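J.: Which chain is which? The protein sequence lines are F and E, in order.
Residue 1 is where the first sequence starts when you use the numbering used here, and the numbers rise one by one after that.
Residue 1 is where the second sequence starts when you use the numbering used here, and the numbers rise one by one after that.
The reader is advised that the hints may include incorrect statements.
[Said to hold, decoys possible] Derived DSBU-like pairs: lysine-lysine, alpha-carbon spacing no greater than 30 Å straight-line: (1) F:68 to E:557; (2) F:71 to E:529; (3) F:63 to E:557; (4) E:530 to F:112; (5) E:557 to E:530.
Hints listed in this document are in silico derivations from the structure and should not be mistaken for laboratory results.
Small disclaimer: the values here were computed from a predicted structure and weren't measured.
Chain by chain, the residues:
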Amino acid sequence: MFVVLLVLIVILGSVVFHMVSPWWWSEIASNWVGMDDTIILTFWITGAVFVAIGLFMAYCIWKFRYDKDKKAEYEPENSKLEWTLTILTTIGVIALLAPGLIVWNNFVTVPKGAYEIEVVGQQWGWMYRLPGKDGVLGTTSIKNIDDDNPFGLNTDDPYSLDDVLVDADDLHILLDRPLKLNLRALDVLHDFYVPQFRAKMDMVPGTITYYWFTPIKTGEYEILCAEYCGTGHYAMLGYVYVDEQKEYDEWVDEQMTFEEVLASNGKSDLIKIALNKKNDL
Amino acid sequence: MAADSYEDVVKNKESIPALEVAPQDLYHAKSFWTKYIFCQDAKVIGIQYGLTAVAIGLVGLVSSWLMRMQIAFPGLIPMDAAQYYQLVTMHGMIMVVYLLTALFLGGFGNYLIPLMVGARDMVFPYVNMVSFWVFFLAVIILASSYFVPGGPTGAGWTLYPPQAITSGTPGGDGLGIVLMLVSLAVFVIGFTMGGLNYVITVLQARTRGMTLMRLPLTVWGIFTATVLALFAFPALFVAGIMMTLDNMLGTSFFMPAIIQFGEKLTHEGGSPILFQHLFWFFGHPEVYIVALPAFGIVSDLISVHARKNIFGYRMMVWAIVIIGGLSFVVWAHHMYVAGMNPWFGFFFATTTLIIAVPTAIKVYNWVLTLWRGNIKLTLPMLFSIAFIITFVNGGLTGLFLGNVAVDVPLSDTYFVVAHFHMVMGIAPVLVILGSVYHWFPLITGRFLNERLGKIHFWVTFIGSYSIYFPMHYLGFMGVTRRYFEVFEGEAFTYSITGINQFITVAALVTGAAQFLFIYNIIVSSKFGKKAGKNPWKACSLEWRTKDVPPTHGNFDKELPVVYRWAYDYSVPGADEDYITQDTPPSAVANARAEQT
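Same shape as in the complex, but just chain E:
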């Protein structure tokens, strides 16, 4: 713990540990193929991940438009029930796994981890490159299921057997479900290669002086999420393999004896609920795989743009770690009414509500970072504010669904749809959007257009809130989800047609605004205002590279040495309102920093 105390550093410069391994030279690509296609530079790989995820994400976005059209204006776009359920399924799976997981871990993880910990690259650049191409293959397999007879699977993104692999479900007796499961398995393989890289880089390749408790929260969020993913994805992997065996070889892991449309199937003795346990043992940590990077990144955005250290850094780190740990003992709250032993409800309701405590601490600390800050209302800050509101809303509705007795009337209704879209759809996406505005000047050397950005922000935030806030009320009424034709019955106190049409219009507009954002990215990367070095005056190392945008190897001949945490904003006595992490104490002799 030599370098941990600020006084130690000031008194004794040698407290910065010596190099443990001699600097190693990287493999520098020479040809076009090794520089841009099979590239080993984590920054390029991050952008490859990002572009691929966004490309398939647009398929998910258009799917949601079509679904909403069917719900609000049936018949306007001709589709049958099977196609509707295929849209539902592909939208869900694409958004959760292929967009959000890939973008946060593969995209942001690759781009930011080496830069932020002060490394030249990931520790295994070659494996990292392979990781992306395996992910790319998974996306191709997924997309190919649109072109096979019967089309993609329409089993719902949870893929519950027996329906997922039987003939009453679109793609259930064809190639649709096979390709979905194969694609997921390939995804997990690709992710494991990348994930091990991210974890080992954070643990082993930090620069001198970069103790764990000096890491930016972005790195803590992505690191913890990756650890979760490495433990959670194997459950999905085996569940997928077992279901494929049930489907192709007639085993009975998840298939009891059933009779379907008058025909007795050959399976016997399997348990559909076993699949649900495996799925949610992956599926619940998956929520935090998406949420924790968002938590980390938004902490940094708020701190930089409020010119104030993140409030309660140590508590924030512990909250991330505790949330990550707890996320493995709450999975069955997705199954309160799934027919498992009802006594499980007591345990899982308790663990689930305990998670509310560290999560609430994070929210308090974000808001307390704004308190007595010096808040610049830049686009990243605007998206962070929108994130806090959305996340608080979605988090609080989680207290309804997590509390087992309250979940009974609300489960399988639109309340659930509204809740999870708020908390793990819109909230993380708002962080992604904010962080693109934040790091675009680093990636391209130019700012995104501010005016277009403002329009994008207003439409996205007001639009998405208008989609999901009213939707909760459909759930209170008991409107069941996954209905191809909206059911207007006596059970409901008021017509739900009007509110559904409102939601659909909001969804169309909000979705369209994302194309404006993409337009902004394309145009600004060429013609945007030049940014220069460290335009936001941030403390963390990614802005301390030799060149902007950073080139292969990231830093100058010498790696930066770190003397302080990533949040020395507005330190009393300092000349500037920020002190970068690699500024030695002697350079800011008058600054009275308390925490390092």
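Pulled out of the complex, with its shape left as it was, chain F reads as follows:
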């Protein structure tokens, strides 16, 4: 009858492990509290089912252990019981799914006032681009990428010139402002992931993906690449700093715009073409 004990230890041990475990998520630093709440809800519902089935099974193994003088009960089917369990399970599933879909609806609906930042992933590091004064990110193409133009901006796009280019692994963002991250990959799949923000989305070469969130706590947060991207995947790290407006503005001022990058590379002819385009608008 050690098996009964084993089943009990596994079931109750799991519950105890959960209660004393120091391994749990760090405090959330974004608006996605709904994700944490849905996990907790799922945890309680599924946990109750796990314990109930386990304990019932332990009881059965003990109570109905083999006795050569006894015979098992003969009952091929019991429609009433089977349908009751089916309906109860369906209700449980709906209770999990409904809040999950509500949170997902929020996640895929970017609020109107969100400002945009582009995150660029490549083997094995990060770059960022801010839209600049006009608030619009200029268009890009892989074909344009070279040493002078690491982001591949279209020089004939009038929205390109004032884009702020950050060719570094670290990013600063604003506290309490909804932020839409436009995600771009230059070579293979990557995924911009900050555990405290909870959100993530793969970056796919050939297309632009996105997600949004609102940081709710200032501080320094680690960026991890969450989608396998080759030998250096584990080393594709960086930092996000959630700033108040003042610190954020100071940081932005230190960065170079595309126009300044072109100028410093002696490409003033390109700037002229772009400015003409802008004037045409």
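Position chain E against the provided structure of chain F, taking the given hints into account.
T.: Showing chain E alone in chain F's frame:
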């Protein structure tokens, strides 16, 4: 439906249908080569499949040991990042395709289907033989990739482009990925030959009286899984061909314009996400290709060793069929954060959670079979109990990952690793182990050693639970998977080194116990306790063969005629606590069976 009702059978013996085709003689092998190597007997082919799958599976097992060593004790076994990712990739692919799929369908399918449906062999024995050798070739091609320059592919078992075929990935610009894709294509060809055989045998070669609703659930599980595989593997096949063309001929099915390490590649306009759709259109049914045979087999193990009919047989059959059908409309739940249209999330989360209902029904019915049973705690029963706990655990964590909003923080973390290992790694393996203990007396005529078996059971169950249960908590923390060097950062509330070391030690011990199991098999096949006929007192036909172990042709001169379902245990009024499927009603006149 002449023979369906029990009363009909009792009243009218002629309700058993007449033979549709005259019995045909099998090709009986005479030489060593045709008897043991290029053999056409499904039982031998099943064992060949099993041994080959286990042999390559041991490579997968040792790979996991090495990976775990790097995660917990970096530097103790010298390796670089490329080698680590090659271990990850080969471990995953070997375990999912070459071990589990081949073992359940090729191994158990071949051995059990003809015996359980009352046939002398598969319907196309020659094609069946070729099927195994094509599978064997696939394994050789896979293994050969270890010996080419650059080594095997390190693209992860999902082989996502563009990284799978570019130079930033081990084997991506060499032969590693080529051999992997060729091996998979060959595997699919071999499987198709075998798979058609299994399906047609179940549909066409059942003995008289063996209606579909009298089949043991083992056959239902393997049959449905094979149908899934026949529909799912072509998606993998074409994806592999298309990626090979991208790789070798410079086409752009999956390759957009990219710039890698400062160099612009010539591809343009392809879609990496298209590959993911094709891969998971195969990959999700693949989960059930592994799970459904396990569901079926464990139902039979529980029923036999609890001396009680499986509870709710018809519901169990429908649950298998419905799960199989639904498994084709949930694939994109592997891609919630892959960058596909976010609106897909609503559809795939809903379909995914609907699958929970038939799956839960199966769990309830297993447990309700134990209820008021007469439970013998034999080794197959112990492994079945361990399976239920593991599967319930892994199934419930699927409700986290299937619910799209919850998947966002948990995807690509160790929570995913823990979930899929519980549900489609450990759970099916526990069933495989239990069923080896169950059918070993049929295959060899001897029992496996019980004492060694008990040690094997305890270490395997406690060990594997200790590996994967704590791992979920790494996932809750947000620890990302597929990291060569474990990242210990501010993002995590507590050090993850200790827990990783614990998991690694558990993995080493659990893996070692499998070698004890192999030792048991080798020794017991020669020196084990003699089993005799039908030692578990089971009802199904595989125990009703002329000889034990069954010889070529399986049954005596006459094929058995079936009068009842495979679960007439503890029927009131019967003298014994089981009535075999081929027992005519007149032989057990007092038994009050309700279901046939």
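J.: Identify every previously stated hint that the structure contradicts and give their numbers, smallest first.
T.: 1, 3 and 4
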